[in-house]
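There are 2 protein chains.
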Amino acid sequence: MHGVTRNSLIPRELRQQIRTGAIQGQTSGMAPGFVQANLAILPKDWADDFLAFCHVNPKSCPVIGMTQPGDPFLPLLGEEIDLRSDLPGYYVWENGVRVQETTDVSSLWRDDLVGFAIGCSFSFEHALMDAGIRLRHIEEGRNVAIFRSNIPCAPAGRFQGPMVVSMRSMTPADAIRAIQICTRFPNVHGAPVHFGDPAAIGIADLNKPDYGDVVEIRPGEVPVFWACGVTPQAVLQTSKPPFCITHAPGSMLITDLRISEISLF
Amino acid sequence: MHGVTRNSLIPRELRQQIRTGAIQGQTSGMAPGFVQANLAILPKDWADDFLAFCHVNPKSCPVIGMTQPGDPFLPLLGEEIDLRSDLPGYYVWENGVRVQETTDVSSLWRDDLVGFAIGCSFSFEHALMDAGIRLRHIEEGRNVAIFRSNIPCAPAGRFQGPMVVSMRSMTPADAIRAIQICTRFPNVHGAPVHFGDPAAIGIADLNKPDYGDVVEIRPGEVPVFWACGVTPQAVLQTSKPPFCITHAPGSMLITDLRISEISLF
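Chain order of the listed sequences is A and B.
Each residue of the first sequence is one higher than the last, beginning at 10 in this note's numbering.
Each residue of the second sequence is one higher than the last, beginning at 10 in this note's numbering.
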C-alpha cells in the first residue's frame, strides 16, 4: 500500500482494489465517513415481494438503492459501482440453501436480476469513534458479532423471518451517546433495538455468533444490539426463493455517499 | 375538584391551589406538557458561585430562571409566580444542615436572596408516556426514586459534591426510545446518564432511595438514571452556605413554559 492505509483510500479506490481481489474479507473500519451497504439480489418475480418486505421492516432493511432488472449498476451510490464485482465476498443461494461463496458473481448474472443496496451499520461506526466511543472489533481488525434474534420481522408477500442483529459492547454511558448519534442515521439501521440481557431477544450465547466474529464483553460493559442487514439472509433461508445472491456478512459495498449526507439532523 | 382532575388544570390554577395549601406533596404527573423546576435560593454572596457551579454542571443543574437579589418573582416562567409560596414544599438549610420543612417561606425572605429555577425531569414524563412508555411511579401516584451517585460534579467556587440521580424502570426498548425523546430536552436534564448496574455509579441498594419513593423494577426491566435537580441539595450539604432554601424533593415549581417550547428539535 506504499504507506497509504486502507482507511485513507476513497471509496472508488477501495472498490477498484476489491474488484481486482487486492482487498478481500470484511470492510468494517474502511472508508470512514462513507456509507456501506448490504446486498440482496433477487429475480424480478421475487423482487416486488422483497421490496414490500423491506418497506415494512425499515429498521433492519433500509433500502438505499435498487437497480432495474438486469442492470448491475447503482450510479446514485457511486458512478461506476458494479454490484457483480465490487463487494469482497458474495453468498449464492438456491431454494434457501447457500450453494457457493465467491468474490465475483459476473458469471451468474441474469437479465431478470434486481439488486438491492441496504444500509449497513458500519456506516455510523466512524461517527461513534469520532465521539470517543471505542469499538473493539475495529481496534482488533475483526468483523462485528452478528446473531439471529427472536424478534419477528413484519411479514410481506412470501417473505418472513427473524431479525438479525449486530452487537457492539460498550459502557452504559457510551451506549446512551451511541443511541443519540445513531438516531441521526435511520437509513443505516439508526438507534439500537436492544441492550443488556441477550436472552430477552432469543440469543443463547454471546460467544457463539451466527455470523461474524466473537467480540469480548468486558466488566462494566453491556452488549448493545442493532438491527442488521444480514436479516434478508435469514429471511431468504425461510422463504426459499429458487435463486438469489447476497453479500457475505461483513463484506459490504462501500459507496460514495457520505454519512453526513444522510444524517437526519 | 368537581370532576376536574388535577392533571387537566393549567399551571396557574395549580399554583394558586398550591399557594393556598389545597394541593400538597409531590407534583409528578401534574400539568402534563408543562415544564417543572427545582428551586435553590441563596444569599447574593453565594449566588455567583452557585451560578458558576450550574454552568459547569448543565446536566444536573440546567438553570431555566434566575431572580434579581430580593426579588421572589420569575415572570418569564409564569406571570405571577412567587417563589416564596408557589411550591408545595420547601427545605430550609443552615450551614449545610436542614433545619425546617415548610410549605411557605415568605416569613424567611430577605433582600439579598437570589432564586434559581432548575429544570426538572418531571417535565418530559408526559412526552415519554405519550410515546407509550409506562412510568410506574406516576401510575402509582408516587414520587420517583432519587439517589446520591458517586459521579462527581465539576467543582466551582465553594461548591462541589456528587450528582444526584432520579431512577425510572423500563424495558431496554423503552429505554432506547426514552433516550431519543429526552435528548430533545437538555434544559430538563436531557438524556439519562446511566442505565443498568446501580453499583457502577455508587448506588448500593435500589430499595433504599436517598430521596423520593421506592419504585419497583420488574423482570425484563432495567433501571435508567437521569441527572436530577436535587443535586444542589447534596452539594449544599457539602459546601455549607450559612443559609439557603430549596424545594422539597418532588415538590416542584410548575411553570407556564410548555415542554414543546424548549424542545431542541
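Derived from the structure by calculation, the hints contain no laboratory data.
Heads up, a few of these hints could be off.
No distinction is drawn between identical chains; accordingly, a pair holds when it is met within one copy or between any pair of copies.
Result set (SDA-like, lysine to any residue): computed pairs, CA atoms no more than 20 Å apart in a straight line [stated by the list, open to error]:
hint, residue 1, residue 2
1, Lys249, Pro171
2, Lys68, Ile268
3, Lys68, Gln189
4, Lys68, Ala140
Hints the structure violates: just list their numbers, smallest first.
none
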